[in-house]
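K.L.:
One letter stands for each residue in the lines below.
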Amino acid sequence: MPRFDLERFGILLQGSPRHADVLLCTGPITRQMRDRVIRIYEQCPEPKFVIAVGTCASSGRPFYGDGNYNVLGGVDKVIPVNMYIPGCPPRPDAITYGVLKLLASVDPKLEKLLHEFEQTIPGIEASVQLADSVEQAS
Amino acid sequence: MSEVAEKIMAQVREDYAGEILDATTMRRHELVFTVAPDQIVEFTEFVVQYGWWHLSTITGVDEGEEIAILYHLCGEEPPAATIRTAVPKAAARLQSITSVIPGATMYEREVHDLFGVQFEGHPRLDRLVLPDDWPEGVYPLRIEEIEKRAAKDKEEKEENG
Amino acid sequence: MGRITFPIGPQHPALKEPESFKITAEGERVVDADVRLGYNHRSIEAACQHRNYVRGQYLCERICGICSHIHCNTFARAVEELLDLEVPMRAKYIRTIVAELERIHSHLLWLGVAGHEVGFDTLFMYVWRDREIVQDLLELISGNRVNYGMATIGGAKMDLTPEIVSKCMEGCKLLLERTEYYKGVATTEGTFLKRVEGVGMLSQQQARELGAVGPTSRASNVPNDIRHDFPYDAYDQIQMEFEPITSDLCDVLGRTIVRVLETEQACRICLDLLPRLPEGDIQVRARPRVPEGETLVRCEAPRGELIYYMRSNGTDKPARVKVRTPSLANWPAALAMLDGAYVADVPITIASIDPCMACTDR
Amino acid sequence: MEPGGELMSLFYILIFPGFAFLVAFGLFADFFDRKLVARLQNRQGPPWYQPLADMIKLLGKEDIITDHADRGIVNLVPLFGLASVAAAFLYVPLWSAEWPFAFTGDLIVILYLLTIPAFVLVLLGWYSPNPFGSLGTGRVITQLFGYEVPFALALLTPAIVAQSWQVTDLLRFQLMDTWFIAVVPVAFFVAVAALVGKLERIPFDTPHAETEIVEGPMTEYTGRKLALLKMMFQTEMVVGSALIAVIFLGGPYFPGLTTALAGTLAGPVVGFVVVLVKTLLMIFLLSLIKALFARLRIEQMVNWCLVWLTIPILLQILIILVLGAV
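Protein chains in written order, with my numbering: chain A, 1 to 138; chain B, 1 to 161; chain C, 1 to 362; chain D, 1 to 326.
One chain only, chain A, in its complex shape (with noise of 0.2 Å):
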């Protein structure tokens, strides 16, 4: 999507798992999902991080619950999530500040390319949760 271009943080989409260090989730767990969502993130080399994209993902609402038999909740019922993006949909720059926000929790020198694209949108920190800051919360 040319106006919302991650590669030009350097990130690609990558055809096999083995070639990837982040997995964007979408979607709610199904049951048929289960292990299939297990095995992908095994086969994820060292260091791998999740990222929860979308309200569904990270809670599993509003399919979960509610007469509801063949949903098992959010992605973190299944792997370890390291992000949350919430919103239905997230925004195209939600999504990009949030992939950024974790890459700079885990190398600080991208920190002054985070402040530069939070200036851009106003608001938008408040868009994304770090998994730390949500343990405490559930």
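Keep in mind the hints are simulated off the structure, nothing from the lab.
Note that the structure is a prediction, hence the values are computed from the model and not measured.
Built from N, CA and C at the ideal position, the CB exists for glycine as well.
Some clues are possibly wrong.
[Stated by the list, open to error] SDA-like, lysine to any residue: derived pairs with alpha carbons at most 20 Å apart:
{"id": "1", "chain 1": "D", "residue 1": "Lys61", "chain 2": "A", "residue 2": "Tyr41"}
{"id": "2", "chain 1": "D", "residue 1": "Lys57", "chain 2": "A", "residue 2": "Leu113"}
{"id": "3", "chain 1": "B", "residue 1": "Lys148", "chain 2": "C", "residue 2": "Arg51"}
{"id": "4", "chain 1": "D", "residue 1": "Lys61", "chain 2": "A", "residue 2": "Ile11"}
{"id": "5", "chain 1": "C", "residue 1": "Lys16", "chain 2": "A", "residue 2": "Pro92"}
{"id": "6", "chain 1": "C", "residue 1": "Lys22", "chain 2": "B", "residue 2": "Asp132"}
{"id": "7", "chain 1": "B", "residue 1": "Lys157", "chain 2": "C", "residue 2": "Lys317"}
{"id": "8", "chain 1": "A", "residue 1": "Lys48", "chain 2": "D", "residue 2": "Ile64"}
{"id": "9", "chain 1": "B", "residue 1": "Lys152", "chain 2": "C", "residue 2": "Arg51"}
{"id": "10", "chain 1": "C", "residue 1": "Lys167", "chain 2": "C", "residue 2": "Lys194"}
{"id": "11", "chain 1": "C", "residue 1": "Lys22", "chain 2": "D", "residue 2": "Ser134"}
{"id": "12", "chain 1": "C", "residue 1": "Lys194", "chain 2": "D", "residue 2": "Ile289"}
{"id": "13", "chain 1": "B", "residue 1": "Lys152", "chain 2": "C", "residue 2": "Val146"}
{"id": "14", "chain 1": "C", "residue 1": "Lys22", "chain 2": "B", "residue 2": "Asp126"}
[As the list claims (entries may be wrong)] Output of the computed footprint for chain A on chain B, the stretches with three or more beta carbons under 8 Å from beta carbons of chain A:
{"id": "15", "region": "126 to 139"}
{"id": "16", "region": "148 to 154"}
[Unchecked claim] Not close to chain A: a few residues of chain D, all C-beta gaps over 12 Å, as computed:
{"id": "17", "residue": "Met8"}
{"id": "18", "residue": "Lys35"}
{"id": "19", "residue": "Gly45"}
{"id": "20", "residue": "Phe80"}
{"id": "21", "residue": "Ser84"}
{"id": "22", "residue": "Leu113"}
{"id": "23", "residue": "Val122"}
{"id": "24", "residue": "Leu123"}
{"id": "25", "residue": "Ser128"}
{"id": "26", "residue": "Met218"}
{"id": "27", "residue": "Tyr221"}
{"id": "28", "residue": "Leu292"}
{"id": "29", "residue": "Pro312"}
{"id": "30", "residue": "Leu315"}
With the hints as your guide, set chains B, C and D onto chain A.
P.N.:
Chains B, C and D only, in chain A's frame:
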């Protein structure tokens, strides 16, 4: 609209050799023909020749002790037609219409998954939407299953407040 | 080379959503193809029976990640028929305009993905850049890029102010030029043509028998278009010449051309309806309790004919909601196209029916 | 080689026109290619240090070896590929016709060394457990038949014209006469197209077509092995482009410049810069091709290569022989 529908319905009644239990209209623009379960294949063949060649879908509805199966068909212009049969829940058996309309394979597999209706003569009647580890014999859209889940949800809600 | 059975597994770069295909190939030719659905089954029909109509509509809108307005609109129309509620004409116009804008966004998204499937990434980047035009319009109207929630039970949620109307007109004119450009690219670009011509053949007879719907069947000369055969909302108010777009090429190229022409047609419909937006309020109050009854509602989603069957039992919760999405109807046709194809053509053939796996599994 | 020469040639091999320079130039070429393609698709493209960052990251990643694969071979083979490409680069004269490593027949050695990366992929694909690997291997071999013969013939045509198998002789021929691109234009076109096939770039990248068979032979490899494989591809692009730049575009010679600076010390430096510019020009051409075309199927690719590459180059050779004989 309704007099056009009446005229077509009368014409279908006497053209069709077999026996139509009842013919009504649903919401003024849909004709509904109720047919006995064993005549379903012949009547579908007749209806396809008559003009409703496109099978939109097959809907299953749990009506207490019977499962109603609705075949929604449509042609080039209104009114569209629906064939309705009811199958007892205990022995839910029905002849498959894939011989008449090959496109019906996936719809029948779905009704089999969710309502447990056996379609004889179906090329491959295995799981469509349900996961592989779903217990046999449990059909999620039957009324008793829905009540069971509603009760479980209620407890869950009380549990975590 | 012998016979290889290899899975295009639930996770595969060609499939943006989880679906698992078992392809058996001899050398480079596909001998047998089988699809296992159900990876995305969120049991929405069962959940609708536990929720009242408003929450049910919220859920049904999220069946498909791309064409959300058409689900929300059809659910609302089904409940309105059960309530025998007459929706103001202005709301019908707004619903039709948003539906056509969504068709443009869905078809442009598909054209980009099709380019990506055959390795033509430049087309993917160009088309998705131009798709931003219609995304901005939709965001201007409803505040969200997808899942707009524009259709409520009894009318439309947001009104189109005059300056939104003028912005939409500009946007549609710009999109018309861009579609002109893509019509050129899709029909003259050498290597793209080599990958789409004569690939994924579906004869007219097969299309009718296997119940294919939407652009997949119209590209095989089966002119079934619900907007034309069973007009709903404001489709009978269109003054310009409005015919289903068909082509007799019966292959992926035919589907590409049908979708590009439909994008152009959708732009023209918007330009035709926008200036004649009638006055009046946009919403009518609807009672939460729906009287006993059943109804079947059809509409033309970007991927084809979408069916909502609804049965109510007098309470505020529906007794049965059955959703049959167009992608489910196209799967038998897709499998028919696959046998005899090249292994390299499997992704583009599957993508040519514009499958939405989330729709298929509901 | 006088005694000091060993040190000098060691310096040549390891540092300057050898391995270190080649890897650095490979990384820059990869950035240049990705940025250019991004710009052609009006995107912003990666920052300049991205390929270097990718390499460092990959070297740090966990190195998974599937139990299906033979540990020794799988670790050794990527090194083998990279070494063969670096060795081929040694025989490409970068700044003047007097090249220390030149000997008669080094053109053949370069061609031979440049085919080894294809067999590296075949071995890797053979040892990868999932079916995408074996399918990818099949496609690598099929594609090899498509582009290998035209590539060799295209590079040998100038040798026939200049009647010598030595690259430096070709350079001298071009200094006196016109550049080979003018003498045998068809050979230039065939060489570039075959190079695109050799580097497995779009429109001939079926062996690792992302949307069909994920990464083909490289699907199962991570960490150090993946880094070496990527480096192999990048350096192969540099060597291929430099080779075509030297043979067809007159290498270090620039019409006005070289005669003026012939004797002085500045000659080789200017010649080196001219070769770099011409190589970047070739990489620009490869990126342009990558941005303009869709991916062909494997049998379409082989047919296309037969019709548009093998037959024209044979005609070209025929014409030269007839002209030469006259």
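K.L.:
Between the alpha carbons of Lys152 of chain B and Val146 of chain C, is the straight-line distance 20 Å or under?
P.N.:
Violated. Lys152 of chain B to Val146 of chain C sits at ~33 Å, over the 20 Å cutoff.
K.L.:
Per the stated criterion, does the least C-beta distance between Met218 of chain D and chain A lie above 12 Å, as a non-interface residue requires?
P.N.:
violated, 8 Å
K.L.:
Taking the closest pair, is the beta carbon of Pro312 of chain D still more than 12 Å from chain A?
P.N.:
holds, 35 Å
K.L.:
Just to be careful, I want the Cα atoms of Lys48 of chain A and Ile64 of chain D compared with a cutoff of 20 Å; is the pair within it?
P.N.:
holds, 14 Å
K.L.:
Holds or violated: is the Cβ of Leu113 of chain D farther than 12 Å from all Cβ atoms of chain A?
P.N.:
Given that every Cβ of chain A is farther than 12 Å from that of Leu113 of chain D, nearest at about 27 Å, it holds.
K.L.:
Would you check whether the claim that Leu315 of chain D is not at the interface survives, using Cβ distances to chain A and the 12 Å cut-off?
P.N.:
holds, 40 Å
K.L.:
Is Leu123 of chain D truly not at the interface, in the sense that its beta carbon sits beyond 12 Å from all beta carbons of chain A?
P.N.:
holds, 17 Å
K.L.:
Is the hinted pair Lys57 of chain D and Leu113 of chain A satisfied, with a Cα-Cα distance of at most 20 Å?
P.N.:
Measuring from Cα to Cα gives roughly 19 Å; hence the hint holds.
K.L.:
Evaluate the condition: distance from the CB of Gly45 of chain D to the nearest CB of chain A exceeds 12 Å.
P.N.:
Answer for Gly45 of chain D: violated, closest chain A Cβ roughly 6 Å.
K.L.:
Would you check whether the claim that Lys35 of chain D is not at the interface survives, using Cβ distances to chain A and the 12 Å cut-off?
P.N.:
violated, 10 Å
K.L.:
Lys194 of chain C and Ile289 of chain D: Cα distance at most 20 Å?
P.N.:
Holds: Lys194 of chain C and Ile289 of chain D sit about 16 Å apart, inside 20 Å.
K.L.:
Within a Cα-Cα threshold of 20 Å, do Lys61 of chain D and Ile11 of chain A meet the stated pairing?
P.N.:
Distance of about 16 Å is within 20 Å: holds.
The structure fails hints 10, 13, 18, 19, 25, 26 and 27 (numbered hints given earlier, in ascending order).
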